[in-house]
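Engineer: Sequence:
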Amino acid sequence: MKIIKSILIVIVGIVAVALIAALFIKKEYAVERDIVINRPEAEVFTYIKQLRNQDHFSVWATRDPNMKKEYRGTDGTVGFISAWEGNDEVGKGEQEIKKITEGERIDYELRFIEPFQATDDAYMTTDSISENQTQVKWGFSGKMDYPMNLMLLFMDMEEMLGGDLKTGLEKLKTQLEKKMQAVQ
Numbered sequence: 000m001k002i003i004k005s006i007l008i009v010i011v012g013i014v015a016v017a018l019i020a021a022l023f024i025k026k027e028y029a030v031e032r033d034i035v036i037n038r039p040e041a042e043v044f045t046y047i048k049q050l051r052n053q054d055h056f057s058v059w060a061t062r063d064p065n066m067k068k069e070y071r072g073t074d075g076t077v078g079f080i081s082a083w084e085g086n087d088e089v090g091k092g093e094q095e096i097k098k099i100t101e102g103e104r105i106d107y108e109l110r111f112i113e114p115f116q117a118t119d120d121a122y123m124t125t126d127s128i129s130e131n132q133t134q135v136k137w138g139f140s141g142k143m144d145y146p147m148n149l150m151l152l153f154m155d156m157e158e159m160l161g162g163d164l165k166t167g168l169e170k171l172k173t174q175l176e177k178k179m180q181a182v183q
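Quick note on my numbering: the sequence shown kicks off at 0 and runs consecutively.
It is worth saying that the hints were derived from the structure and are not from the lab. A portion of the hints provided could be inaccurate.
Computed list of lysine to aspartate or glutamate pairs in EDC-like fashion (alpha-carbon distance at most 16 Å, straight line) [said to hold, decoys possible]:
#1 LYS91 / GLU113
#2 LYS98 / GLU108
#3 LYS172 / ASP33
Computed Cβ-Cβ distance ranges for the label pairs, DEER-style [to be verified]:
#4 LYS98 / ILE13: 41 to 47 Å
#5 ARG71 / LEU7: 48 to 54 Å
#6 THR76 / ILE13: 47 to 53 Å
#7 ASN131 / ALA82: 32 to 38 Å
#8 MET0 / GLU31: 52 to 58 Å
This structure is a prediction, so every number in the text was calculated from the model and none was measured. Even for Gly, the Cβ is constructed at its ideal location relative to N, Cα and C.
Turn these sequences into a full structure, and let the hints guide you.
Structural biologist: What follows is the structure, given as structure tokens:
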């Protein structure tokens, strides 16, 4: 009986330390990646403004070839929603265009429903480097409430999300540059 009591005290102690530690751990995270695309800014912005085009370069869109998609509204405008329901890897959720600063920035709200519930923000920006070069930034930010923020100690969001954003931007670059070479 003494052993069981000692084990329970140790377990309670570990849980208490973890919960106290979570009070001091950050709750927010932000990840951003960028790439230079050899195309004019107007052309790049017009392409990324269409949320459906993410299906062609987003890593997440390729993780379930049988994913069900639903679109509501007019693509490329504030209020357009792209909803998805897929396998365990992509889950269920929706993305909505919340704000567009024409030629510069698109802000999205991501609402995850399954396998967990969360609302996060994402954005894409374009910046003209030269007549035929555009820097594209893709960013994502979110929050984990207490005590779930404890998971941020074990999850490297920079690595997890950053790799996916980088891969998506590389696909976007390849697509836009190849697409225009085929036209020339």
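Engineer: When you take the CB atoms of ARG71 and LEU7, is the distance between them in 48 to 54 Å?
Structural biologist: holds (52 Å)
Engineer: Given the hint that LYS172 pairs with ASP33, does the C-alpha gap stay at or below 16 Å?
Structural biologist: holds (11 Å)
Engineer: Can you confirm whether the C-alpha distance between LYS91 and GLU113 stays at or below 16 Å?
Structural biologist: This hinted pair holds, its Cα atoms lying about 5 Å apart.
Engineer: Would you say the C-beta atoms of MET0 and GLU31 sit inside 52 to 58 Å of each other?
Structural biologist: holds (55 Å)
Engineer: Is the gap between the beta carbons of ASN131 and ALA82 within 32 to 38 Å?
Structural biologist: Holds - the Cβ-Cβ distance for ASN131 and ALA82, about 36 Å, lies within 32 to 38 Å.
Engineer: Holds or violated: 47 to 53 Å for the Cβ distance of THR76 and ILE13?
Structural biologist: Between THR76 and ILE13, where Cβ atoms are some 51 Å apart, the hint holds.
Engineer: Taken at face value, is the distance from the CA of GLU108 to the CA of LYS98 at most 16 Å?
Structural biologist: Holds: LYS98 and GLU108 sit about 9 Å apart, inside 16 Å.
Engineer: Looking only at beta-carbon atoms, does the pair LYS98, ILE13 fall within the given range of 41 to 47 Å?
Structural biologist: holds (44 Å)
In summary, this structure violates none of the numbered hints.
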